[in-house]
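Trainee: Sequence:
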Amino acid sequence: MLISSFLTYLQHEKRYSPHTVKSYHTDLLQFEKFLQEEFETDLISAQTPQVRSFVVSLMDLKISENAIGRKISSLRSFYKYLLREQALKKNPMLLIKAPKVPKRLPVFIEDAKMDLLLDGLDSFDESFSSQRDKLVLEMLFGTGVRLAELLLLKETDVNFYEATIKVLGKRNKERIIPLHSELVIQIKNYIELKSLQKFDNKSTTLIVSNPGAPAYPKLIYRIVTSYLTLISTQDKKSPHVLRHSFATSLLNRGADLNSIKELLGHSSLAATQVYTHNSVERLKTIYKQAHPKA
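For the record, in the sequence shown the residue sitting at position 92 is 92 according to UniProt numbering, with numbers rising by one throughout.
Hint data in this document are derived by calculation from the structure and do not stem from the laboratory. Each residue gets a CB set at the ideal place from its N, CA and C atoms; glycine is no exception. There could be a bad hint or two in this list.
[Said to hold, decoys possible] Derived pair list, reagent style PhoX-like, types lysine-lysine, alpha-carbon separation capped at 25 Å:
id, residue 1, residue 2
1, K154, K188
2, K113, K288
3, K113, K236
4, K154, K166
[Said to hold, decoys possible] Pairwise CB distance ranges (calculated):
id, residue 1, residue 2, range
5, Q36, E192, 52 to 58 Å
6, Q273, R84, 30 to 36 Å
7, L88, E192, 54 to 60 Å
8, K62, S130, 37 to 43 Å
9, P106, I185, 25 to 31 Å
10, M1, A213, 29 to 35 Å
Use the sequences and the hints to build the structure in full.
Mentor: Listed below in structure tokens is the structure:
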């Protein structure tokens, strides 16, 4: 009951995405199971030492620092909610610290490789599914939208006159992203092709599955992974990699950080500054290759 009401709060008051709500749910169920099996107690009765034991157990399982940090964040939010609802008096999370996460540079695909995939290879035919797949890749790489934002896009969110799309981001914040001319044409052609399909139910969602239903996360992951495999041997091949590629490409071509921040929908500049490290590493590589003293 406590978990259910908390998830409703996240969904309707905090406006968290379904994916985020599902992650919180998974984390809380895992902690609840741990408490029952190890201490024969429940969420409402949990104490700080028991939370610490949970964190240690995650480390013993070789769970990554990022994943542990997320689970701690889930528990913090949950117990803050319980305090607000006056369901408990003492917060067991006050003295809990998340493990330090080593800084990693965002993984991205070079412009030349994306050009090869989208325009150089015979990767796409004229079928609806193939044109849909290409649009997915073009949208992720050409606008930097998140996976959840792409799935929420409707045909009416595209402004062909202004060459923009209206995106509903985190915390229900709207932002406008410009489209390059080729992408505008591609969206028009895709919508026309989509209208000709004999779907049982015609969805107004921009990206749809082969039967015409709104697209879902696994479909987008499958599309991105299968096509990126054609041009890249790196392990990470996800929709977010194309978002990183979008931001890195803009920065390398002279875009200022504040503009990139607005396009990505980041709430703070600190989140955007991580891309500057990629540019610095690129400059170091160029320097080592080109300078006689390097």
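Trainee: Run every hint past the structure and note whether it holds.
Mentor: Here is how each hint holds up against the structure:
With a C-alpha separation of about 13 Å, the suggested pairing of K154 with K188 holds against the 25 Å cut-off. For the suggested pair K113 and K288, the alpha carbons sit about 22 Å apart, so the restraint of at most 25 Å is met. This hinted pair checks out: K113 and K236 have alpha carbons roughly 15 Å apart, not beyond 25 Å. With a CA separation close to 9 Å, the supplied pair K154 and K166 stays within the 25 Å bound.
For Q36 and E192, the hinted distance range of 52 to 58 Å is satisfied, since their beta carbons lie about 56 Å from each other. Look at Q273 against R84: about 33 Å separates their beta carbons, and that is inside 30 to 36 Å. Checked against the hint of 54 to 60 Å, the pair L88 and E192 passes, with Cβ atoms roughly 57 Å apart. For the pair K62 and S130, the beta carbons lie near 40 Å from each other, so the given range of 37 to 43 Å is met.
Between P106 and I185, the C-beta spacing of about 29 Å keeps the proposed range 25 to 31 Å intact. As the Cβ distance of M1 to A213 is approximately 33 Å, the hint placing it in 29 to 35 Å holds.
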